[in-house]
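Build the full structure now, drawing on both the sequences and the hints.
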Amino acid sequence: MGKNNMSLRGRNVLGLEDFSKEEIRLVLETAKEMKNIIHRDIKKVPALRGKSIVNLFYEPSTRTRTSFELAGKYLGADVVNITASTSSIVKGESLRDTLYTVEAMGVDAIVMRHKAEGAAAYASRVVAPVIVNAGDGAHAHPSQGLLDLFTIEQHKGHLEGLKVAILGDILHSRVARSDIQGMRKMGMEVHLAGPKTLLPRFLFQEPGIFVHERIEEAMEAADVINVLRIQLERQKAGLFPSMREYARVFGVNEKRLSLAKKDVLVLHPGPMNKGLEIAPDVAYGDHSAIQEQVQNGVAIRMAILTLILTGGRKDAVD
Amino acid sequence: MLLIKGGRVIDPKNRMDEVADVFIEGGKIKEIGKDLKADGAKIVDAKGKIVTPGLIDMHVHFREPGQEAKEDFLSGSKAAAAGGFTTVATMPNTKPVVDTAALVRSMKERADSVGIIHVEIIGALTKGQKGEELAELGDMVQEGAVAFSDDGHFDDSAKVFMNGLDYLHTFDKVIISHEEETSLVEEGVMNEGHRSAMLGIKGRPTVAEDIAVARDVLLAEYTGGRVHVAHISSGRSVELVREAKKRGVRVTAEVTPQHLTMTDELVNPYDSCTKINPPLREQKDVDAVLAGLLDGTIDAIVTDHSPHAQEEKDREYIYAPSGFPGLETSLGILLTDLYHKGKAELPLLISKMTWEPAKIFGLDAGTLSVGSPADVAIIDTEFAWTVDDKEFYTRGTHSPFVGRRLKGKAVMTIVDGTIVMQDGKVMDDTTLS
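Sequence order for the protein chains is D and X.
To convert, note that position 44 of the first sequence is 44 in the working numbering; the numbers rise steadily by one, no gaps.
To convert, note that position 260 of the second sequence is 260 in the working numbering; the numbers rise steadily by one, no gaps.
Do not rely on the hints blindly, as some may be mistaken.
Claimed, not checked - Now the stretches of chain D that chain X is said to cover, found in silico as 3 or more residues with beta-carbon under 8 Å: (1) 92-106; (2) 111-121; (3) 137-148; (4) 221-234.
Keep in mind that the hints were calculated from the coordinates and are not lab data.
The model shown is predicted, which means the values in this text are computed figures rather than measured ones.
Ideal placement from N, C-alpha and C gives every residue a C-beta, glycine not left out.
What follows is the structure, encoded as structure tokens:
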């Protein structure tokens with residue numbers, strides 16, 4: 001679909017604000033094919049044979065890093081992980097110099113996670129390999145945004161016109177920002193809710209975004225509910241009074257879930273604080289697609305890597 | 001002897017704006033009039049150009065002592081001369097902090113030995129700029145400190161600030177206050193607004209500035225002391241200063257070219273050149289500070305010249321230090337974005353960069369009155385140029401103005417009757433006439 005006249009080859013994946021609706025569509029369609037590969041007995045295709053990818057992680061991460069690593073390996077690429085604790089980063093090397101070093105080793109793509117907003121964009125201006133942003137501070141996590149879209153579409157059959165509620169710590173969430181960018185591009189209605197201390201003060205100015213202070217309002221007749229992780233340090237920073245109160249006032253439980261549509265889909269980017277932002281019976285209930293998101297994450301990352309490193313030649317995938 | 005012929009002479013103190021000749025002798029303004037003649041004087045043709053008092057920047061960071069990789073007195077003075085400035089006042093947040101008379105004296109001596117322009121010294125209000133105990137203010141006044149400031153951050157203790165106002169009342173010196181309530185800006189690196197919300201970057205809200213300005217204005221009113229609001233950026237703060245001035249509070253304010261012309265929409269987190277404190281605000285604030293400049297609420301234009309070493313600025317936005325150099329771009333930006341666009345008249349802009357800051361500090365400068373020191377800038381308002389950091393005299397390279405095409409520039413700077421800059425080239429020891 002559209003592959004003949006559109007290519008993402010050589011494109012940096014920094015945030016979904018840089019991608020058109022058609023480009024997002026291309027990634028989602030490619031991910032469908034990739035998901036089939038994951039289900040094969042022998043999960044290896046030569047699409048990225050001879051390509052090398054470095055996972056440059058300045059923040060701890062298990063699921064995103066592993067997901068990118070497996071995605072690269074299923075496609076035949078050589079994947080190396082560099083984490084802050086094991087590298088010269090702890091010796092005070094600048095980001096520029098670390099990037100130069102990685103580039104000099106001849107890598108084709110750098111998958112990067114960093115605490116600083118804009119770090120991936122900075123990297124894309126410093127070195128030649130394509131940069132995939134695996135999370136830059138509270139700014140963006142584009143592969144998560146794409147896998148959320150993919151998961152929703154697999155269940156609902158379409159995206160346009162769906163009402164999505166994103167709940168919790170919007171202020172500090174790169175997942176929320178990438179979801180917002182992606183969902184608005186795909187014609188979805190985005191409702192944000194959480195304690196006012198965790199809501200960005202000026203997001204309501206964006207068209208297609210609705211901000212609520214009560215999660216019940218956002219959940220009303222929602223097709224999809226995405227529950228964000230609450231970082232425990234937010235309570236210590238004084239942004240809400242206690243865990244107990246958060247769970248009681250802002251936690252997603254079965255009772256509140258009944259406000260949404262009957263066939264509501266529940267997402268969570270993980271890792272979950274069960275009993276805090278999400279009740280266990282919701283997390284493991286019939287509406288939950290949380291486990292599936294993890295598998296879809298691998299498929300989406302396979303699609304991203306294939307498209308930016310090869311342009312997505314069909315022969316390389318089959 | 002120097003005879004500047006045929007320029008449009010703008011001297012705000014004397015409400016002068018006419019074509020005239022300026023005769024300089026013995027380092028002083030000797031005479032201003034039509035068709036002056038002086039045998040043996042060097043003639044400077046200023047036809048079609050503007051002749052003004054040398055520009056004054058009452059807020060610069062020259063980084064010496066302690067951070068010479070960013071700037072020192074020589075590189076900073078050259079940058080000033082290149083920008084048409086003949087007097088600057090340096091902020092005390094050096095290493096060590098300038099908080100004793102001995103340091104003020106050594107800074108003055110160092111400034112004199114460099115000697116390209118006049119450098120005035122601002123002392124710290126509190127010891128180590130820690131906001132706890134007053135520094136030896138009277139002692140520093142006696143060594144020539146022109147004002148006091150803990151610039152770089154707000155003094156959280158209202159009591160300490162009030163003591164400073166009371167104590168300095170005796171010496172009639174002003175406190176320059178960095179107006180951002182600390183707890184509201186601790187982690188912020190850009191304006192809190194729509195742009196920061198979309199970028200996920202922690203913000204520094206305008207209300208942090210407004211709270212600080214409100215407190216300082218109230219304390220100035222209560223004590224009768226003098227407060228000068230540093231680099232005002234919030235529209236609400238401009239209103240607070242305007243209202244206070246109407247009530248007779250002894251408050252003055254300054255603004256930078258960047259806060260007059262740029263918004264937070266220009267912030268891109270891959271390039272720290274837009275990172276400053278207080279941050280670039282929204283258009284409504286830019287409009288409000290311009291209105292404040294025009295109606296007299298804001299007294300002075302300053303650069304807040306804050307150079308940093310290349311490697312310090314060239315990094316992740318949130319980790320990069322705040323500030324960028326401004327001395328060499330200030331006039332060009334103001335002429336291009338305000339004067340040529342019809343937003344501000346030349347005499348007003350010149351006044352805010354000469355006589356008004358001179359008054360606040362009580363300097364014998366900022367005017368072309370006969371008998372005054374012959375500090376003069378000659379400005380070509382039509383000179384087209386492109387900002388190129390490779391041509392900067394300052395050591396700071398990261399400026400958001402790099403690459404901008406500007407119209408207007410100082411083409412000559414004269415200090416005490418000596419030409420220190422001509423056509424963008426600053427004279428050094430060997431070429432100084």
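These are the hints, each one checked on the structure:
1. Only residues whose C-beta sits within less than 8 Å of a C-beta in chain X count toward coverage, and the segment 92-106 of chain D has 3 of them, enough to reach three; the restraint holds.
2. Here's how the segment 111-121 of chain D fares: 7 of its residues keep a CB closer than 8 Å to some CB of chain X, so the rule of at least three is met and the hint holds.
3. For the segment 137-148 of chain D, the stated coverage by chain X holds: 4 residues have a C-beta nearer than 8 Å to a C-beta of that chain, and at least 3 were required.
4. For a cut-off of 8 Å, the count of residues in the segment 221-234 of chain D with a CB near a CB of chain X stands at 0, and the three-residue condition is violated.
Violated hints amount to a single one, hint 4; each of the other numbered hints is respected by the structure.
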